[in-house]
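K.L.:
Fit chain U to the known structure of chain C by using the hints.
In order, the protein sequence lines correspond to chains C and U. Going by this note's numbering, the first sequence opens with residue 881, and the numbers climb by one from there. Going by this note's numbering, the second sequence opens with residue 881, and the numbers climb by one from there.
Treat the hints with care, since some could be wrong.
Pairs involving identical chains hold if they fit within one copy or between any two copies, as the list cannot separate such chains.
[Unchecked claim] Within a straight-line C-alpha distance of at most 27 angstroms, the following computed BS3-like cross-link-like pairs (lysine-lysine) qualify:
| hint | residue 1 | residue 2 |
| --- | --- | --- |
| 1 | 897 | 1084 |
| 2 | 1063 | 1192 |
| 3 | 935 | 1176 |
| 4 | 935 | 1175 |
| 5 | 1063 | 1200 |
| 6 | 964 | 897 |
| 7 | 1200 | 1084 |
| 8 | 1115 | 1175 |
These aren't lab readings, by the way, just hints derived from the structure by calculation. These numbers were taken from a predicted model, which means no experiment stands behind them.
Protein chains: 2
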Amino acid sequence: MAVYTDISEVELAEFLKDYDIGELLSYKGIAEGVENSNFLVHAASGAYILTLYEKRVNPNDLPFFLGLMQHLSDKGIRCPLPVKQRSGAMIGELAGRPGALVTFLEGMWMRRPTVEHCRELGAGLAAMHLAGADFPMRRRNGLTVDAWRPLWNRAAERADEVEPGLGAEVEADLADLEAHWPKGLPVGVIHADLFPDNVFFLGKRLSGLIDFYFACTDILAYDVATCLNAWCFEKDNSFNLTKAMALLNAYTAIRPLSSAEAEALPLLARGSALRFMLTRLYDWLNTPEGSLVVKKDPLEYLRKMRFHRSIKSADEYGLKL
Amino acid sequence: MAVYTDISEVELAEFLKDYDIGELLSYKGIAEGVENSNFLVHAASGAYILTLYEKRVNPNDLPFFLGLMQHLSDKGIRCPLPVKQRSGAMIGELAGRPGALVTFLEGMWMRRPTVEHCRELGAGLAAMHLAGADFPMRRRNGLTVDAWRPLWNRAAERADEVEPGLGAEVEADLADLEAHWPKGLPVGVIHADLFPDNVFFLGKRLSGLIDFYFACTDILAYDVATCLNAWCFEKDNSFNLTKAMALLNAYTAIRPLSSAEAEALPLLARGSALRFMLTRLYDWLNTPEGSLVVKKDPLEYLRKMRFHRSIKSADEYGLKL
Chain C
881 MAVYTDISEV ELAEFLKDYD IGELLSYKGI AEGVENSNFL VHAASGAYIL TLYEKRVNPN
941 DLPFFLGLMQ HLSDKGIRCP LPVKQRSGAM IGELAGRPGA LVTFLEGMWM RRPTVEHCRE
1001 LGAGLAAMHL AGADFPMRRR NGLTVDAWRP LWNRAAERAD EVEPGLGAEV EADLADLEAH
1061 WPKGLPVGVI HADLFPDNVF FLGKRLSGLI DFYFACTDIL AYDVATCLNA WCFEKDNSFN
1121 LTKAMALLNA YTAIRPLSSA EAEALPLLAR GSALRFMLTR LYDWLNTPEG SLVVKKDPLE
1181 YLRKMRFHRS IKSADEYGLK L
Chain U
881 MAVYTDISEV ELAEFLKDYD IGELLSYKGI AEGVENSNFL VHAASGAYIL TLYEKRVNPN
941 DLPFFLGLMQ HLSDKGIRCP LPVKQRSGAM IGELAGRPGA LVTFLEGMWM RRPTVEHCRE
1001 LGAGLAAMHL AGADFPMRRR NGLTVDAWRP LWNRAAERAD EVEPGLGAEV EADLADLEAH
1061 WPKGLPVGVI HADLFPDNVF FLGKRLSGLI DFYFACTDIL AYDVATCLNA WCFEKDNSFN
1121 LTKAMALLNA YTAIRPLSSA EAEALPLLAR GSALRFMLTR LYDWLNTPEG SLVVKKDPLE
1181 YLRKMRFHRS IKSADEYGLK L
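Pulled out of the complex, with its shape left as it was, chain C reads as follows (with noise of 0.2 angstroms):
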């Protein structure tokens, strides 16, 4: 939940007159995305998500976000697509932020994701990966396994709070992982942030994409193995193997895994469920009590990345190559 920044009807009056979407008719402050502020315009042309970002997104990284979008939905991808001013520009300035507007997509996001919502994602991540190959804008990845050891350095200290043993454990996954990261497996696109609160359904279809304000260019594998930790454990952490069969053999069905990228699948996870813990853990340990953010519970993704290190080889995630 989120809306850090109000803005006035006479600021966003202002900011809309460079965009020819038609009378305003009303704005409201949503709950969804952590990051950002966000609100649902409705205009006379139709219905608009403004998105204020807040300090946590670099505004020299908004030209990769906007202009993948636009990319992505020019190719058929259902996803926001960025409105343009009358300039040409996608972004522009409320409240003392950059702000874009973007298209509403309909579509709910599943709290309670079954076996076929697993699948329908993993044939939709598999859509965003080709259709992203010829997107031309790079950037890379803050969060993955060379950004891990500094985030861990900020918070190794106060671990054993949150689950004594913590700190040795996480240290031992740690240098594991730097050891052993796969090298020369396909990059591309990759969204990920890909968790359930950002892909929505109509009925059992899914309707659309979200939130691309994590998107880089990185081991497209490493998206699969993200969507399998947010989408394929049940609420008490336990592997749900229907589901995980569904999204990889739906997602291959598209875009087939090399033997190199099935290969690394488990090392893959487990460095995705550590990457969740540590933000996890480093929020944890640093929002202050009366923040608006809800905090989440690292120790989910401490179980996940237990499960991923008793797995060895893709075939346990009912992977069929």
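P.N.:
The following block gives chain U in isolation, referenced to the frame of chain C:
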């Protein structure tokens, strides 16, 4: 800001089965309202607000609130219109809470209302009072003069923490208001919470009134007094006489105030300021750190109480009888 209760697409779809609003397309928790959880719902037939009533709302009051909206809407007052279930019921249940669906009103609330907005408000308030005259249900005001002392008793001991001397000052004011609260003034349906965030505009025109969850049967002029407090003071607590003139004279052009009502206005305004000071004070002292609710400053209303104490008659507010 509030979304206290999140709901899943599954429970929402189940809830909506009783309504004829067409396919559910999306729903977003919105950051408006402080008492309930509100969702902006898009369906094939249009946009709606779904409200889940949290613990501060007594479910027995819902037929009054929803019936009033229906009544006012039928009389041409623009306000949310409750959507009936196929059975005719206006109240359902969702996530273990009473829930209701109302039509979505386009429009924006004014973070910085102008004189023109105050004029529109005055006229809109008077029209609402007239339209409510034949509403058959009654509800007592749970936050009028007889409720203030019990509320004060739960905050008095710690009042001086907020401002030294506050205890004695409120005690004196409260005793005076209890002794002199007017009797025999015209009563009817009042909104009782018509702050700027409950009044929508499109351009300079009032486009609707929302949030009738404090509405009750009480002194009509008390509603006018509350609007004076909520709309005619600037951020620095100075009283804007031009705004008050616009508000009062637009009101009386549609519903004239009797001389008894005019005479009572300074006392009613002082009482209304005390009422909001008391609830804010109580919340200030009792809202836990870390709550998602933004606490409002009780001292803003202390300043207003002091201002009204200095007023001898309603013509000092700019009222022309």
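K.L.:
Now look at each hint and say whether the structure bears it out.
P.N.:
Status of the hints after comparison with the structure:
no.	hint	in the structure
1	897 / 1084	between (38 angstroms within a copy, 17 angstroms between copies)
2	1063 / 1192	within (19 angstroms within a copy, 82 angstroms between copies)
3	935 / 1176	both (20 angstroms within a copy, 26 angstroms between copies)
4	935 / 1175	both (18 angstroms within a copy, 24 angstroms between copies)
5	1063 / 1200	within (23 angstroms within a copy, 82 angstroms between copies)
6	964 / 897	within (12 angstroms within a copy, 39 angstroms between copies)
7	1200 / 1084	within (24 angstroms within a copy, 63 angstroms between copies)
8	1115 / 1175	within (16 angstroms within a copy, 34 angstroms between copies)
The structure fails none of the hints (numbered hints given earlier).
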